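Turn these sequences into a full structure, and let the hints guide you.
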Amino acid sequence: MAHPRERGSFRRQLSRRDFLRQSAGAAVAFSSAGAFLAACGHASNPNPGGGGGGPSASASLPFPLARQNNPVKWPIYDDNPPIASNLQPEKNAILKIYNWEDYLWPKVMKDFGKKYDCKVQLSTFGGVDEALSKIRTGQLDFDVYFPDPSLIGKLIAAKLIQPLNLDYIPNLTNVWPNLQDPFYDKGSQYTVPYVIYTTGIMWRTDHVKDDIPAMSNPYEIFWDSKYKGKIHIFDDYRESIGMGLLKNGITDLNTEDTAKINLSKDDLMKTIDEVHVTLDITDWTDLPEGRSWIHQAWSGDVVSAQYYMPKGVSASILRYWYPPQGGGAIGSDNIAILKGGKNPVLAHLFLNYLLDSKVAFNNFYNLTGYQPPMNDIDTHRLVSEGVIPKNLESTVVHPEDFDKALAQRLPRVRGGCLSG
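Anchor point for the sequence shown: position 23 equals 29 in the working numbering, and the numbering is continuous, going up by one each time.
No wet-lab data here; the hints were simulated from the structure.
Please note that a few of the clues may not be correct.
The following label-pair restraints were derived from C-beta to C-beta distances [as the list claims (entries may be wrong)]:
(1) Lys140 / Pro330: 39 to 45 Å
(2) Asn223 / Met315: 44 to 50 Å
(3) Glu399 / Asn268: 46 to 52 Å
(4) Lys276 / Glu136: 33 to 39 Å
The calculated lysine-lysine pairs, modelled on PhoX-like cross-linking and capped at a C-alpha distance of 25 Å, are [what the hints assert, rightly or not]:
(5) Lys165 / Lys79
(6) Lys120 / Lys97
(7) Lys140 / Lys266
Bear in mind that the values here come from a model prediction, so they are computed numbers and not experimental data.
Ideal placement from N, C-alpha and C gives every residue a C-beta, glycine not left out.
Structure representation (structure tokens):
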């Protein structure tokens, strides 16, 4: 799946032939993800080494697929243990961070360096393939990495991230309770949460007169020929097919039911002729600049979009819809410590620093637009206190939204193999 920070200016209108070719691959990805992941992982048993392994989703997988109804507690391997408690931070160190571009406020790193008398060096990547390729080689000794939950199993199986010693991360208690012990990493043995976001619909009220939230099925707006040439959906098969599933009332976006996947595919094919759909992942600029009037969107990008409005055009025309009763797609990103790093103590302290409520809020407010799941951030006051404008209040993610999310998605089969 494309990541919200997998930026790029590439966009294209889709031909029927292109769609058939792509959607055939998507159907394979949905229905046989296990075989793909088995090829990408280690063939060894995921449970050796003294840790408790989660239930396996398939006998062919080298690691289990974590879902809300199938939570996973990952193993701790004998040859990849957590660091001991009560160690002192490394001296004269350069803490090396590996993250998406524009996804970490520079002042956060500067202030951490001052606090712990170290240098902090940020390297960025433009896509998951690039990141995993560099991590896998072991040639770059990054300390901290920002994966999404779908990569965790691969990274653990390949022993590329190390288990956490939570003695160094007391600020984990600042996080929503359901993400202190998430279904994808029970006990937070390898990761801590960074940000959370939803996938929904963004539109401009100066061009779209339909009351989308009042529609009996808001997803049908993507098939409305009144807006031909101005409808964009994500150039990402999981997000687009997932939206097609939701449009048809199918909330299990992990489905391996070929009939359901084909139903979504067939519906999406209709957008080619009916609305001349455009595929891209540049929602945060397409709508402000008028290339699209209706766009499948990530909530964090909608927050950012208000700052890309042309001069003289008010951001008050922007709107966002996500199913208010839950049942939509929710994504999150996490923070992990790479096994090959030279500064594991500082890395633990950096994770703890990012989970400081004030630090997390300032990172969100001053740069990313992506909301951290912190207890001290009163999500019901983000609008009243002017952090989020009233017209975009639906971008706010509340703790109960995560509990209601029915659309936990498959691991990113485009994310690259960690082992050959």
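Legend entry - Hint check, failures only: Of the numbered hints, 2, 3 and 7 do not hold.
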